Structure formats: C-alpha cells, structure tokens
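Asker: Below, each chain spelled out in residue letters.
Number of protein chains: 2
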Amino acid sequence: MIRITRNDAADILKSADKILILTHQSPDGDTLGSGYAICRALRSLNKQANVICGDFVPAKYDYLSEGIDIQDFEPEFILAVDIADPKLLGKNLSHYGDKVDLCIDHHGSNTGYAKKLLLDDTCAACAEIIYDIINILGVEIDKCIAECIYTGISTDTGCFRYSNTTANSHFIVAKLMQIGFNYFRINRRMFEIKSRERIEMEMRALEGMEYFLDGKVAIITLTKDMINNSDPGELEGITPLPRQVEGVRCGITLKQHDDNVYRISVRTGHDLDASKICARLGGGGHKCAAGCSVRGTRDEVIDKLLNAVKDEMSACLKPDEDNIICRPTIDDIQGMDELA
Amino acid sequence: MIRITRNDAADILKSADKILILTHQSPDGDTLGSGYAICRALRSLNKQANVICGDFVPAKYDYLSEGIDIQDFEPEFILAVDIADPKLLGKNLSHYGDKVDLCIDHHGSNTGYAKKLLLDDTCAACAEIIYDIINILGVEIDKCIAECIYTGISTDTGCFRYSNTTANSHFIVAKLMQIGFNYFRINRRMFEIKSRERIEMEMRALEGMEYFLDGKVAIITLTKDMINNSDPGELEGITPLPRQVEGVRCGITLKQHDDNVYRISVRTGHDLDASKICARLGGGGHKCAAGCSVRGTRDEVIDKLLNAVKDEMSACLKPDEDNIICRPTIDDIQGMDELA
Chain A
1 MIRITRNDAA DILKSADKIL ILTHQSPDGD TLGSGYAICR ALRSLNKQAN
51 VICGDFVPAK YDYLSEGIDI QDFEPEFILA VDIADPKLLG KNLSHYGDKV
101 DLCIDHHGSN TGYAKKLLLD DTCAACAEII YDIINILGVE IDKCIAECIY
151 TGISTDTGCF RYSNTTANSH FIVAKLMQIG FNYFRINRRM FEIKSRERIE
201 MEMRALEGME YFLDGKVAII TLTKDMINNS DPGELEGITP LPRQVEGVRC
251 GITLKQHDDN VYRISVRTGH DLDASKICAR LGGGGHKCAA GCSVRGTRDE
301 VIDKLLNAVK DEMSACLKPD EDNIICRPTI DDIQGMDELA
Chain B
1 MIRITRNDAA DILKSADKIL ILTHQSPDGD TLGSGYAICR ALRSLNKQAN
51 VICGDFVPAK YDYLSEGIDI QDFEPEFILA VDIADPKLLG KNLSHYGDKV
101 DLCIDHHGSN TGYAKKLLLD DTCAACAEII YDIINILGVE IDKCIAECIY
151 TGISTDTGCF RYSNTTANSH FIVAKLMQIG FNYFRINRRM FEIKSRERIE
201 MEMRALEGME YFLDGKVAII TLTKDMINNS DPGELEGITP LPRQVEGVRC
251 GITLKQHDDN VYRISVRTGH DLDASKICAR LGGGGHKCAA GCSVRGTRDE
301 VIDKLLNAVK DEMSACLKPD EDNIICRPTI DDIQGMDELA
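Chains as they are written, first to last, in our numbering: chain A, 1 to 340; chain B, 1 to 340.
Heads up, a few of these hints could be off.
[Claimed, not checked] In the EDC-like style, the derived pairs of lysine to aspartate or glutamate whose C-alpha atoms are separated by at most 20 angstroms in a straight line are:
{"id": "1", "chain 1": "A", "residue 1": "K194", "chain 2": "B", "residue 2": "E192"}
{"id": "2", "chain 1": "A", "residue 1": "K287", "chain 2": "B", "residue 2": "D85"}
{"id": "3", "chain 1": "B", "residue 1": "K116", "chain 2": "B", "residue 2": "D17"}
{"id": "4", "chain 1": "A", "residue 1": "K224", "chain 2": "A", "residue 2": "D299"}
{"id": "5", "chain 1": "A", "residue 1": "K60", "chain 2": "B", "residue 2": "D271"}
If you are wondering where the hints come from, they were derived from the structure by calculation, not from laboratory data. All values reported here derive from a predicted model rather than from experimental measurement.
Chain A extracted, bound-state conformation:
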C-alpha cells in the first residue's frame, strides 16, 4: 500500500478509465454521496464509470443516482470510497477486497487494503476529500454533484451537529450553496421524515425507558419480539434515544438476543468512556459508543451494567460535561457485532 496525496489521486483518475466505484455495506449518505459525486465528475470527463453497493440502497438516497444509468463495461480500475476495511464491502462485493486500485477515505482506522490510499482523517466526511479532487480535476461542480457532496457532509456530521464538524465542512457547504440546490429537500429526507413503523418503535422503546443512579443512567429494553418485528435500520435509530434525556450521562439499550443473552449498546458523552464501561463486561468499542454482550435475566444484566457504570464513574474524575454528541459510525456497529 502506498499513501498518496489529493493531487496524485487526481492524476491517477485522469489517466484511468472504465472505473468501478465501490461503496460500503449498510450504505450511508457519505459513501453514496462520495461515490456518485466522483462518478458524475468522471463521466463529465468522458470516462466510463459505475457505482455499486453490495447491499440494498434505501429509496431515500434515490436522488443521488438520478440520471446515472448503469454503463456496460469490463472494469479496468477499482476505486473504493469511504471504506475503512474490505470487510465492509459485504458478502456480495467481498471478491473485490484485494483488487482495489485506489481507496479514498477519512477513517483513521483504514486497514490499508488498497494498492494506493488517499486518507485524510481530519475530514468529517469522505465527500470533503472528493470535493477537493473534483476541483483538482477541473470539473465544474453542478447542482447534482453539489447535492451528492452536501449529502455526504451533512449526514456524516449529523447536519453539522457532531464534534467532527470543522470550519472546512462549513466552507465547502457554503461554496456548494452558492451553486444552488435543494438542500432543504435533502435535509427533510435525511433528518426529519420517519416511517410510521419507526415512530411506533420509538414509542414502544421510550414507554419502557427506566432511569437509574439519580437519573444519570437511562435504559431502554428491546425484547426479542420487538426486534423480530422491526427493520434493522429502524432499530439503529433507537440507541441514541436514552442519552437525549436531560441529565442522562449514560444511555443504554438492551437488545434481547436470546432468552438469557442481551446485546448491549452504551452511549456516553466525552465525560464518561463507553468503551471502558463495556470493557468491564468483556466488550469494547469507542469512547462515546461501545457494546458488549451480557448473560443473565434482564434484572441481572441491568445490575451488572449499573455496577460497571458506577465503577467507571468513580474511576473517571471528569465533571459531567453533558455536552458532546458522538457519531455512531459504521466502525462502532462493526465493533459491537464482533464483540457479541
């Protein structure tokens, strides 16, 4: 693997053709936005390029690929965008894992699987790097490319809320907005609309929310029944809810995996380390989003969790900042699955 610069990447793409662009499984706005932005730019340079994803792409992302039909060609160059690890290609695309010519990514955890790697982990979104490359390529950013890049940045920053947002994220978006595009349509799709099922799921989860340790811990339990009757994507939206409650430093979601096995998601602010709490129970993850798997009845599991939280709270002397929103990343989810 060779680390390269933005200019190198632009040069390589300039001389490439028949480019297959890979996006990651459980596709999000950044991998798809990055993929379709660079695909549109490459096509405007009269190159052949396709974007593929090994997973189902939710309908809410339809506009990113509008007008981008699948072209018929044998790929000569494989480009991966926003993919930290070949495992994230998913089963259907796993055969490309050792064939990636260039990977463009912003995850510090990138495994270096590609022949060439353009990595900038100071960027909130991969789409920010793609924006720079398109400019270096000399391609004019039109409304469609602007929508793709905006989608990548806005979704990866939680609409500019998360602590990964930078001045540069806002500068790029300001420049995109001067081009003019329907950003509020995108925002409504990405951040406002919920399906009826999602709303019902949230209500059932919130109904059963319990508070412990003077309201510093909130716990939601999702039973096997609730899980089996839900879309996994909807389920992911539940885990941030307990931490939204005023005064809660540690939000926990219990997912009943089997009668006496619970998969646990823990969410904290920067004042309390979720990964350390989970490590006390054999799990791990990131500072603000971690996971573990605990055996026992629900009461026993909650007891173990509360003990781990109490121990970690007394070990950590930081004041309650009650302040920081962490973005649960694909890596967290991946990490949590591996721990279970």
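Using the hints, position chain B against chain A.
Answerer: Chain B in isolation, oriented as in the chain A frame:
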C-alpha cells in the same frame, strides 16, 4: 423611522454609550445570541451595556451571558435586536416600545417602530447582521462572541436544516469555527436534550396520532388536561411532529381550548398552503405554519378540517414535494394567538 446601513449602525453604536439592549419575549437563541454578542462587543470598546428580556430566560441559554454581570447605569441609548414588532417586547418591557433608538432585525414583517432601523431580511438570523457590525466596529471576535453568534444562526436555521439557511450562514459559521469554541456543547443543548416531561408529552401526543386521507394528513389531539399539565414551551415542540411522518403533507395539532373550542395548528410543506387551509376556517398565518380556532365536538372539528384540507389540495395543483421544512417563527405563534 429611517432605514440605515450596517456602516451607519456601527457609526451610531460607536458614538453611543450606556446602551440598553432589548430582546423579545419567549426569548430564543437568535434574540439572546444577538443581544449578548453585541453587548460583549460594546463592552470591549469600554462602553456600558446591558441585555434585558421581559420574559423568563430558560437555563439552557446560560452560557450566552456567562461573565456578563448587570451594570448599573441610566440607559441613554435603546437598542432592540431581532424584534419585529414592539408587541413582542412583552408586558414587562412594553414601555420601551416607542423609545427604541435603533432596531437591528431580519424579519421582513418589521413594523418600523424604531427611530432607526437596520433591516436585512435576506439573513437567516439577526446574529448574521450582528456579526457584520462587530467586524465593522473592529472588535476581535473571541470565543464567547463566537458562541453567541453561532447560537443565533444555528437555532434560527434549525441547525442549518431550514430553507432560510444561506451560503453566508455557512461562511460566517466557518469563520467562527476557525476561532474555536465548543459548538457541539451548544448543539447538544439546543437540538438534542429533552426533559423527561417533554418526552412523556411527545409520547402521549404520538400515541393518539390519527391518519386521514390515505395518510396525507396526520392529526394529534392535546386535551385540556394534557395542556394544563404542561409547560407551554414543551407544547410548542409538539406541533411539528405530525408532519415528520413519511407521506404526511399536512400535519395538524388540535389543542382543546374549551370543551367545544379547539385551537388548531397546521403545518405543511411548500406544496400545500397552510394559511389558505386555515383561511377557509376563519384563520390565517404563513405558508407552512398557520392556525385557526374551530368550534364543535372533536369529530366535528376534524371533519371541518379535513374538508378544508381536501378543498385546498384540489385547488392547489402543485405536486407533493414532501420536502420543505419551514421554521415556525415567533410571528406564526403571534399570528395564531391573535386568530384564536
């Protein structure tokens, strides 16, 4: 009333002293952020300046006034920020209504009550104008001023989601972020944390949500009991909920005012005009947020509302854009109160 420019306003403030800064009732992030930003800038020029509000200021805004003690002086200059109408000063400050020397505002509906008016309704937030004035005054924007201006812009744009957000909003925020401040702490306070009461209120409201006209209309009913047991601020958060549901073009909240009188809030996208729906029932308001008052049993009221929605849907030929988020403004709420 004389309309003035940003440069004029800066000149006037340069020669003023003992400045009393007025903010509007039901204070929000923009009026308070604008007020404390300019107050901090004026004090750094060795002027005396205070910010006052006629209403209770929620604790979540505490950081805006951190370190800004009340100074003891007889006001010689009255400055109003983000106040479109002297009525919005509220009872406690109403005596200042005809004494405002300078009003800085971004509401097109400004009544022109002040002696001098700096109005720019292309700005998403009053804080954007304040940012320019502070720069013209030559005051260095420190972390505290940056937090105040960021709060104004982020709250008035729904964290950059609403259709009023401009390239300039993002440019200013990019420049503020280069100064460095804890924006994610602000975002958590403004956009994430909910009180337990708020969550319970939302759940009770959502539990009773009903769908009509093939799911294009969603209605929430708040009974007299629910209203009497709630903080009015929490109630305001309920009205956007029905429109969040996938497929809903018209979200309606019924607030039981008396046994047979309901106050109605209607929320739509730009594809359907809420004010026209409400006008059919003797009310009015804005395109995306309007209100009316309807007599009858709950069933009768819903019937009347659905007829008005159906009539307006057939009168309006626009396709369902399902897309636009409108910011309910102080003006909407004001308008709706007056209509009831």
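Asker: Going back to the hint list, which numbers does this structure go against?
Answerer: 2
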